[in-house]
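Throw the hints in and build the complete structure from the sequences for me.
The primary structure of each chain is shown beneath.
Protein chains: 2
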Amino acid sequence: MDVSVLERDFHLAQEAVAHQGDTVRSLKAAAKDGNADRAAVDEAIEKLRNVKLDMERKRKAFEDTTGKTSSSNKEAFRAAMLNALERRLFFIPSFKIYGAVAGFYDYGPPGCAMKQNVTQTWRNHFILEENMLEVECPAVTPEIVLKASGHVERFTDFMVTDVKTGDCHRADHLLEAALEACIEDAKSTPEAVHAARDLLARVGELGAAKLGAALTQYGVKSPDTKNDISPPFPFNLMFKTSIGPRGDMVGYLRPETAQGIFVNFRDLLYYNGSKLPFAAAQIGNSYRNEISPRAGLLRVREFTQAEIEHFCNPQDKSHPKFKSVADVQPLLYSRALQMGNEKKPKRFPLGQAVSEGIIANETLAYFIGRTYLFAQRIGLNPDRVRFRQHLQHEMAHYAEDCWDFEVECSYGWVECAGLADRSAFDLNAHSSMSKVELAAYERFPEPREEDVLSILPNKKELGKLYKKDAKAIADALEAMSECDALEMQGKLAAGQSAALKVDGGVFEMQPGFVEIRQQRKKLSGRNFTPAVIEPSFGIGRILYCVFEHCFYTREGDDQRTVFRFTPLTAPVKCTVFPLLQRAELNERAEAMSAALTRERLSNTVDTTGTSIGKRYARTDEIGVPFAITVDYQSVEDSTATLRERDSTAQVRVPLAELPALVRRLTDMELSWDEVAAKYPAQAPASDE
Amino acid sequence: MDVSVLERDFHLAQEAVAHQGDTVRSLKAAAKDGNADRAAVDEAIEKLRNVKLDMERKRKAFEDTTGKTSSSNKEAFRAAMLNALERRLFFIPSFKIYGAVAGFYDYGPPGCAMKQNVTQTWRNHFILEENMLEVECPAVTPEIVLKASGHVERFTDFMVTDVKTGDCHRADHLLEAALEACIEDAKSTPEAVHAARDLLARVGELGAAKLGAALTQYGVKSPDTKNDISPPFPFNLMFKTSIGPRGDMVGYLRPETAQGIFVNFRDLLYYNGSKLPFAAAQIGNSYRNEISPRAGLLRVREFTQAEIEHFCNPQDKSHPKFKSVADVQPLLYSRALQMGNEKKPKRFPLGQAVSEGIIANETLAYFIGRTYLFAQRIGLNPDRVRFRQHLQHEMAHYAEDCWDFEVECSYGWVECAGLADRSAFDLNAHSSMSKVELAAYERFPEPREEDVLSILPNKKELGKLYKKDAKAIADALEAMSECDALEMQGKLAAGQSAALKVDGGVFEMQPGFVEIRQQRKKLSGRNFTPAVIEPSFGIGRILYCVFEHCFYTREGDDQRTVFRFTPLTAPVKCTVFPLLQRAELNERAEAMSAALTRERLSNTVDTTGTSIGKRYARTDEIGVPFAITVDYQSVEDSTATLRERDSTAQVRVPLAELPALVRRLTDMELSWDEVAAKYPAQAPASDE
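Chains A and B are the protein sequences, given in the same order.
Read in order, the letters of the first sequence are residues 1 to 688 in our numbering.
Read in order, the letters of the second sequence are residues 1 to 688 in our numbering.
Simulated from the structure, these hints should not be mistaken for lab results.
Just so it is clear, CB atoms sit at the ideal spot from N, CA and C, and this is done for glycine as well.
What you were told as hints is all true, and nothing was included just to trick you.
One-sided excerpt, in silico: chain A residues whose CB lies under 7 Å from chain B:
#1 38
#2 106
#3 267
#4 602
Calculated pairs, SDA-like style, for lysine to any residue (alpha carbon to alpha carbon, straight line, at most 25 Å):
#5 A:28 to B:274
#6 A:323 to B:599
#7 B:226 to A:248
#8 A:435 to B:46
#9 A:96 to B:277
#10 A:47 to B:270
#11 A:471 to B:23
#12 B:96 to A:247
#13 A:275 to B:45
#14 A:435 to B:87
#15 A:275 to B:607
#16 A:323 to B:585
#17 B:678 to B:566
#18 A:147 to B:99
#19 B:96 to A:153
#20 A:96 to B:250
#21 B:28 to A:271
#22 A:275 to B:582
#23 B:240 to A:237
#24 B:147 to A:100
#25 B:96 to A:284
#26 A:240 to B:143
#27 A:321 to B:587
#28 A:47 to B:527
#29 B:323 to A:595
#30 B:614 to A:270
#31 A:28 to B:275
#32 A:275 to B:590
#33 B:435 to A:49
#34 A:435 to B:45
#35 B:275 to A:607
#36 A:321 to B:607
The following block contains the structure:
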């Protein structure tokens, strides 16, 4: 088709949008004086949304033929989906009437319901199934906890500011944009493109200096104003506050829920009968004061995390239930595959992945398997989820192995969970900061004889000589490392004195001040710091990906949008329609709704006069899997039609059987095919 | 019994505690060097807890006979319960290993599970049942929202500081303590006692000046140091933070969840098909930076709220489902009863309470009824809950009627929910701050003819004369109140000029600048701001009261503590015991546990060798309602015993029937009596 025609269509559509926009404004004004029906306004708004959608389609058609196909495809898809989500109030920009605040979103009724369904499914799938110890800790956290975890020092992004306006930007984002531009620029030399590609892969690893140099090299300016930008500097992403009235106790909103579990390790171990392994979990909100949040629902400043800390003996990371997932075959994108030529993930049975050493241990692999099963349960497309192993340089120094659970959506592959073997890092950090031992006890099969160095300061002597310093000296002696102690023992044995550092000062130890000797001791067991394996989920991101994987438009009518949510995650399980607005039908509809509610099935009754087809379309838009229609036959033989969303197929079922039937369909104990086989089919309404 | 004996017993018990404390410390030290079994340490800790409990009982006995009966009774009860709660990790002081922070508590595994059960019951009871629109909004809130709501200006407590140490205290708390001391002081004159009583009732209403005067009059000092205190000054209880990297956007942690609903009113009304009435709800955390949190779990700085905003036409506050609660008879403590002589609440059928005008309207009464039913469902004692009406001076000026849902516990009557008719206050506040109309539209049965004043500025003329000011002037003219406009109309008609204030300046309007006249207009409807009825629940407080109402000790053995949680709220639904540690029993126990998990029943298996009686006692301590014991007969005839917590009665049930049976018992579809009638009774284990 001729591009100029497509371009004209697109511009006409743009005008239509502008025109309808005016209509809405004037109607609103009229409504203010009570001269226009609010319903009329809503209708106009509705129409505005549709012409906008039409414009998006025309832009797509135009852009596709002019080359920008794939990316604009994705954007059109996303635009259509976001339109459906926002129109039906799955989410709302927070504080909208005050102009909204970037990085904050509210969940409206259907979004809220789905978030709970996903969270509850997570809780049943992980916590209940594994008998995990769930805790709930406050978001407000005193500084010392986050100093121990390293967040106060290291939880930062590099920021640059517009030297004129002071606008803030993420340095890495600006550089990435510049590099992509260079790569796409036809005028770039092959060498330049190669260099840019190479740097693009390493942006995340650059320190302040190198990042600054690169920004200068590529002449990066402030995006909107084109002003110069400052050199990059680290900005801490934690929201800061103050606890208590004195204003002298710094607190932060937790950047992750995990720390609450670590600080409770001691009590949790006791609760578990002092036995390892065990897992603790927390579901709650975390906070990151993003510099310039983009990517809509994917990068928000307040978000719900679901984190698991599995504590085990570092010498034994086997998992009792590993067999149950050994044959599960998720797409694994191992280090080797990422470095290889194909750069494609591959399906592996997890048993094989462990035996071949692709995944470090059974426990990590077990959680990868459970995560994969969870993804399917909530309706993610198993061909569009993968587990990507961190490359060596991506991992923290203490981590043994890390895998990201990534889901493909219109933004590309998005990290929705991270599964990491963090060794004993976190417990050691809190133990040394709090001076509280965070360890487990292992009883030896039988007691062992071991040489233990004993250091016995002669406190009487020291006391006489050093008075108030005596205790500090004795402590310092007892705290000596083995080799320091042996060295001192040597000198003293040779009748020499030996210097001992105590805080600031130095004291000369003489023979007789301290007795140092190897002692044979019988040990019945040992204390050790458990290793931690941490699966950490971002519920909001997972939910967003569910939206994308479930969104589609009806064959031949891309105005009719549908969400193919699984019955488990669907925000509303069933709608009830009286075919027409008649008292006897409405009564039966209300009665059916009440019966569904008694079955704990969220449902709505739509008694509006609009055509049954329109009403079905409305429920398709929010992904309601089932619809019950009460018609005249219901009055005669107490049956009603039950309609399934995706097939739009209908069967006729006795009213009395419907609530239990829908309950079992929703719990996924019963498939639609089984229902269709059991009950007589019903021809869909004329306008379906 | 001789007081001196009781006193001696008490002091001996105190010594026992001190002694056992030392034992624990030394064992811990030994454990550090790997020379003591952690289990041994735990055992010692366990013993320490018991001697502490024993000491509490002895103190109680001693204090009772020495007169301080009731109050110390309550304190002993609370001490015993808190001991049980903390020992079994229902809650943990947050950041415990760092010395904890006042006003913050973690929920440990059983507490966490119960909180979810109570919250989920609330959601089913209110949101699902009423088809409410649930939303979830961020806790971080920009300042403008809380300026509109009045929190920035008025959400304060009066604080005094210790002039030497700077310690902070709540002024009202200090005054109350002083007044109570005066009332109890034998040396106080009747007049003084009367005056103190009178003031005590009004402490909450005092302003800074009167509060300061009273503190001086009663010579109040800083509690711990006895230093002088500063005059009282208001301290804002909101946690303050900053949104975004620039540091120029003030934000607060929300002090309540309600505001998130109000700012979304417009979209929610649209979602509801522009129809009233409808209710929206939000469950989430709120934050109050208390000055000096006391009363443990009752006054915390981070807590979960469940709030409902029911929007309706101010002229029609009837409720469609009111009939369903008209005969419910909660204890009502109306204004009249509070002012009367008896000062006792009274049971009223809610229908009568509305018809007699005791409760302002049906909707408010409906929610009172629903709240009462909810309280019973989660296991609160219906004789220890009441609804107390606010006295006139307790209510905000805009409120039409307010009732507090109060629960009696060891702290006295505690407010666990507030039910208020807030008129249109909140929506008006946000509407005027955001300049966004937050109104509903009401279509008249038939159009009405009404005189409407029309103001038509002569923009052409104004433009010529006033250039850039013209628009502001035109706007000011259109914004004139009816009487101002009529006044101006009069002057201009008489050929005079009329002054018009525009922001700062004043302009002289001449005839012809503006046309003002009464116009007959046909109005098809009107816009109005809906009234709001707000039931607001504190989940944590409700949970705490459930703990108190459910806690008891076994007849004749007050070492054996029990929580009589309803199966619905119980943290764990069932425990499974193999009678002895034998492989064939353990296998069957594990299989039963797996079957219960498939039924989504949280359960634990206890394979420790300890006696069955001890193991039952352990589950009683966390209120597990049911226990299944697999014994040798199980191996022969595939049955097991099922034990009910409170009666400790046991029946023998086929293994295959148990999971479904426990499921129905837990959902409270089946009572224990029915089960006991159906299955053969089983003699309890010898040591039960």
